[in-house]
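Residue numbers (the numbering used here): 34 to 184.
The hints are simulated quantities; they were obtained by calculation from the structure and are not laboratory data. Bear in mind that the values here come from a model prediction, so they are computed numbers and not experimental data. For each residue, glycine too, the CB sits at the ideal point set by N, CA and C. Incorrect hints may have been included.
Stated by the list, open to error - Okay, derived cross-link-like pairs now, SDA-like style, lysine to any residue, Cα gap no bigger than 20 Å in a straight line:
{"no.": "1", "residue 1": "Lys171", "residue 2": "Thr161"}
{"no.": "2", "residue 1": "Lys171", "residue 2": "Phe80"}
{"no.": "3", "residue 1": "Lys171", "residue 2": "Asp85"}
{"no.": "4", "residue 1": "Lys171", "residue 2": "Arg112"}
{"no.": "5", "residue 1": "Lys171", "residue 2": "Ala110"}
{"no.": "6", "residue 1": "Lys171", "residue 2": "Gly123"}
As the list claims (entries may be wrong) - Each pair of labels, with its calculated beta carbon distance range:
{"no.": "7", "residue 1": "Thr144", "residue 2": "Arg88", "range": "39 to 47 Å"}
{"no.": "8", "residue 1": "Arg143", "residue 2": "Glu42", "range": "37 to 45 Å"}
{"no.": "9", "residue 1": "Val168", "residue 2": "Arg130", "range": "33 to 41 Å"}
{"no.": "10", "residue 1": "Ala91", "residue 2": "Thr43", "range": "16 to 24 Å"}
{"no.": "11", "residue 1": "Ser41", "residue 2": "Phe78", "range": "26 to 34 Å"}
{"no.": "12", "residue 1": "Arg143", "residue 2": "Leu98", "range": "17 to 25 Å"}
{"no.": "13", "residue 1": "Leu101", "residue 2": "Val169", "range": "18 to 26 Å"}
{"no.": "14", "residue 1": "Pro79", "residue 2": "Arg46", "range": "48 to 56 Å"}
{"no.": "15", "residue 1": "Trp170", "residue 2": "Arg46", "range": "20 to 28 Å"}
{"no.": "16", "residue 1": "Leu90", "residue 2": "Gly123", "range": "21 to 29 Å"}
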Amino acid sequence: MSVREGNSETVRRNAARHVAVWIGVYTGLALSISLAAWIIVANRFPFLEPFDRERNLAATTLIGLFALIPVMRYMNAPRSLVMSGLVAWGMLSFSYRLLCIFFPRLSGIRTPTQVLMFGALFYLISATVAWMVAVVWKVRQSDSSHSHVNR
Numbered sequence: 034m035s036v037r038e039g040n041s042e043t044v045r046r047n048a049a050r051h052v053a054v055w056i057g058v059y060t061g062l063a064l065s066i067s068l069a070a071w072i073i074v075a076n077r078f079p080f081l082e083p084f085d086r087e088r089n090l091a092a093t094t095l096i097g098l099f100a101l102i103p104v105m106r107y108m109n110a111p112r113s114l115v116m117s118g119l120v121a122w123g124m125l126s127f128s129y130r131l132l133c134i135f136f137p138r139l140s141g142i143r144t145p146t147q148v149l150m151f152g153a154l155f156y157l158i159s160a161t162v163a164w165m166v167a168v169v170w171k172v173r174q175s176d177s178s179h180s181h182v183n184r
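Generate coordinates for the entire structure from the input sequences, incorporating the hints supplied.
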């Protein structure tokens, strides 16, 4: 292996991490905007109160789908999944903290630290499951290549 091959591998890894961070930033923006819109609509538009169940269902579905973007994108790369997910959820919890300033009773429901830990736990468990699936998949592939010899 030449120096250039090893160097290009390092460049590719750094570029992949950089892309993971940017996907996390864009996902975090989408999550933050969705959360802010949800909180503002829930608190500033009382005429929509009869539709609170539908509003909450739509908002949680939208936030859940946005939260799945790093998981679906980096299912084969657990390190990038954690990085992208934690950047996104960190931005969401920071915007939640800012919303707690304008809506003081919001922190009585969940504190910003609880929100951050909820997302961190979700992405860490997702990355662990992705890593375990990758290990099992590699073991099964290597085992199946040897199974034809024994027949």
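Inset, instruction - Could you tell me which of the numbered hints above are not met by this structure, giving the numbers in increasing order? - result: Of the numbered hints, 2, 3, 6, 7, 10 and 11 do not hold.
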